[in-house]
Amino acid sequence: MSLFGKDDVVVSRRIRQSLIAGMAALGFGLGTIHAIAQEEEAVAQGEAVAEAEDHGTVHYPLRKPEQMDWSFAGVFGTYDRSQLQRGLQVYTEVCAACHGLHYVAFRTLADADGPGFSAAQVAALAAEYQIEDGPDAEGEMFERPGRPSDRFPSPFPNDAAAAFANGGAAPPDLSLIAKARAASRGPLLTVLDFFTQYQEAGPDYIHALLTGYDEEPPPGLEIPDGVHYNPYFLGGPALAMPPPLSEGVVTYSDGSPETVEQYSEDVSAFLMWAAEPHLVARKRLGFEVIVFLAVFATLMYLTKRRVWASVAH
Amino acid sequence: MEGHSTYQPTSTGARWLERRLPVIGLVHSSFVAYPTPRNLNYWWTFGAILSVMLVAQMITGIVLAMHYVSHGTLAFASVESIMRDVNFGWLLRYLHANGASLFFFAVYIHLFRGMYYGSYKEPREVLWILGVLILFLMIATAFMGYVLPWGQMSFWAATVITNLFSAIPLVGESITQWLWGGFAVDSATLNRFYSLHYLLPFVIAGVVVLHIWALHVAGQNNPLGIDIKSKEDTVPFTPYATVKDAVGVVVFFILFAWLVFYLPNYLGHPDNYVPADPLKTPAHIVPEWYFLPFYAILRAIPDKLFGVIGLVAAIVVMFFLPWLDTSRVRSAVFRPIYRQFFWIFVLVCLGLGYLGSQPAEGGYVIASRILTAYYFLHFLVIMPVLGLIERPRPRPASITEAVLARSGHAPAPAAGGAS
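If you read the protein sequences in the order shown, they are chains A and B. Going by my numbering, the letters in the first sequence line up with residues 7 to 319, in that order. Going by my numbering, the letters in the second sequence line up with residues 3 to 421, in that order.
These are computed hints drawn from the structure, not numbers from a lab. Because the structure is a prediction, the values reported are computed rather than measured. You may find that some hints are simply not true.
[Claimed, not checked] Derived BS3-like pairs: lysine-lysine, alpha-carbon spacing no greater than 27 Å straight-line:
1. A:K310 to B:K282
2. B:K306 to B:K282
3. B:K231 to A:K310
4. A:K70 to B:K282
[As the list claims (entries may be wrong)] In silico contact screen, one side only, chain B against chain A (beta carbon under 10 Å); selected entries:
5. N41
6. V173
7. V251
8. I311
9. S409
Glycine included, C-beta positions come from ideal geometry on N, C-alpha and C.
Make a model of the complete structure from these sequences and hints.
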């Protein structure tokens, strides 16, 4: 008979049991080490806020962003048209002084699912910008008013110029910023986010950062000159950008409150649209696709049951 | 298993073709008349799911390639142009990026299924080896695909992984520069990765054909892990397996759609929406989730060369699984102790994945080392020893007997027996 068949194998139960016991002990040990690792991390973060020690790894941001209630979250999320229009106003009147919006074309401001401006409004807005074009027939570059097909011109001619004018670090382009920044959510929330469809870490972060300048740094945390303490900043305890918003800095025409809170919500929503202009179309199509697939799956399953009905399996 | 085709062409055209190239007969014997065990569960639908995913990746990839520009200064902008200006470009790209993730999700389930039911054992060793080879090719393809958007993570992942080759003694430096096409990861690197990323899926498709061929020669394993004894134990592939596979594929597509339409960036890294910058290293360089267990193994070993060896060995060891497992019983259903070790192994792999996503410091490093040691211990010690000492439970005489006993029927011929 077979060498390893059940008849030939004579091994004391004790060996098997000790093997299993050994494995269980190893598993327990791993759990403990894991708990220690997490505890260490928690301690490190606490120390960072209290004393910001130079040694040891400190994880940023010092504080997690507040989760906001965005109109574009969830299965049926859509952009709030007037919010995007206000957000555009905040961008053009405040952010655009230093930050580009390089990948966004003026024509997309007319998207019905986006800011929804009329074609005439878009043409007028584009014409406010001067775009470098050329070379012309004589080989010269020239400036002309913007057209809807143009993209937002960047405030600096190139990254080197942007860095030179801003103390060495070029202000990032904002076209994708709402998808390019997110605070770590930790393992538990990360798993839950799959079910709750949380995809708004970017705008939550922008909102938290823009409203997070008010606090004094905790005692013991030295903030050098030229940078500004902000516990929500991903890159460290302080950032070079001074608080960009203040009450009344932008005048709204629709009567919305002219507060830092309102400005930062509006511009965060606008930047989400800038980063993901097809979000509404995506969610709309997604709903149709999933309903279709659910019906199709049910029909396939019933077909399968019918086919297999006469075969025990 | 397969035997000669029983296909009888009925139309004149089919008869004409069949005498000259029996391709319809080949398809008929492989996907229609092919006898499949009657007791396969839904874990067996992942083979079909993977085939569909490979084709889906190739279709979306070929269309994306019509719009993508593989140049260091243009690649990132071309992907943004796909996302904003190409009709349904956002859909194509999200399908392709999330498709890669789900491809790996499915392949890992397929692999664990094979481990649980002992699908690698005699006479399916070559089938298993071809599968591990496909995994290797998938890893290479996915890694090079991840580089193409030329974001920060793309660039730094390429830098970290290509630098691994520099650990090879004597020739490492030369090999790395040869891979780069220069003295650092640059446009030349991007361009060759693009070329290979387009090539490798077709190589995968070729190995998949061999994989399916080997499957159809050896016959499918089944949850009981016992051989097919008679025609009664099987049902014809069509309609039985086809309709069950279709259920699996459609349900899998619901998961796919959930990610693509509602969580398209859930599995991605925010830093990859920042254009590649050789002068700025991201705070944490992490690979895509499906590489995290291997990344944890790489970082667990303090020496660079041995880390790379550990990384490669983690996959290579799977080639030898058919001989490392000394048990003659295939299915874990009849191996009470192996079954527990199997689930411990699954947990260890998940644990390594979690550790790979965390910074390499403090307790994470210690935990990575222990789990890495256990990973190899599982293959090199537990599998060989367990087969010798474990007392397997008695197996049923045949698939039909087990199936009928479970469903409470008196033994009777299967209604759909293989034709």
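Evaluation of the provided hints:
Our distance criterion of 27 Å between C-alpha atoms is broken by A:K310 and B:K282, whose separation comes to about 55 Å. For the hint pairing B:K306 with B:K282, the CA-to-CA distance comes to about 23 Å; that is within 27 Å, so the pair holds. With a C-alpha separation of about 25 Å, the suggested pair B:K231 and A:K310 falls inside the 27 Å cut-off, and the hint holds. Restraint check for A:K70 and B:K282: satisfied, since their Cα atoms lie roughly 24 Å apart, inside the 27 Å limit.
Annotation: interface hint on B:N41 holds; nearest CB of chain A at approximately 5 Å, less than 10 Å. About 35 Å separates the beta-carbon of B:V173 from the nearest beta-carbon of chain A, more than 10 Å, and the hint is not met. The beta carbon of B:V251 comes within 9 Å of a beta carbon in chain A, closer than 10 Å, and the hint placing it at the interface holds. For the restraint placing B:I311 at the interface with chain A, the shortest Cβ-Cβ distance is roughly 24 Å, beyond the 10 Å limit, so the hint is violated.
The beta carbon of B:S409 is positioned within 10 Å of a beta carbon in chain A (closest approach about 4 Å), and the interface hint is therefore held.
In summary, the numbered hints that this structure violates are 1, 6, 8.
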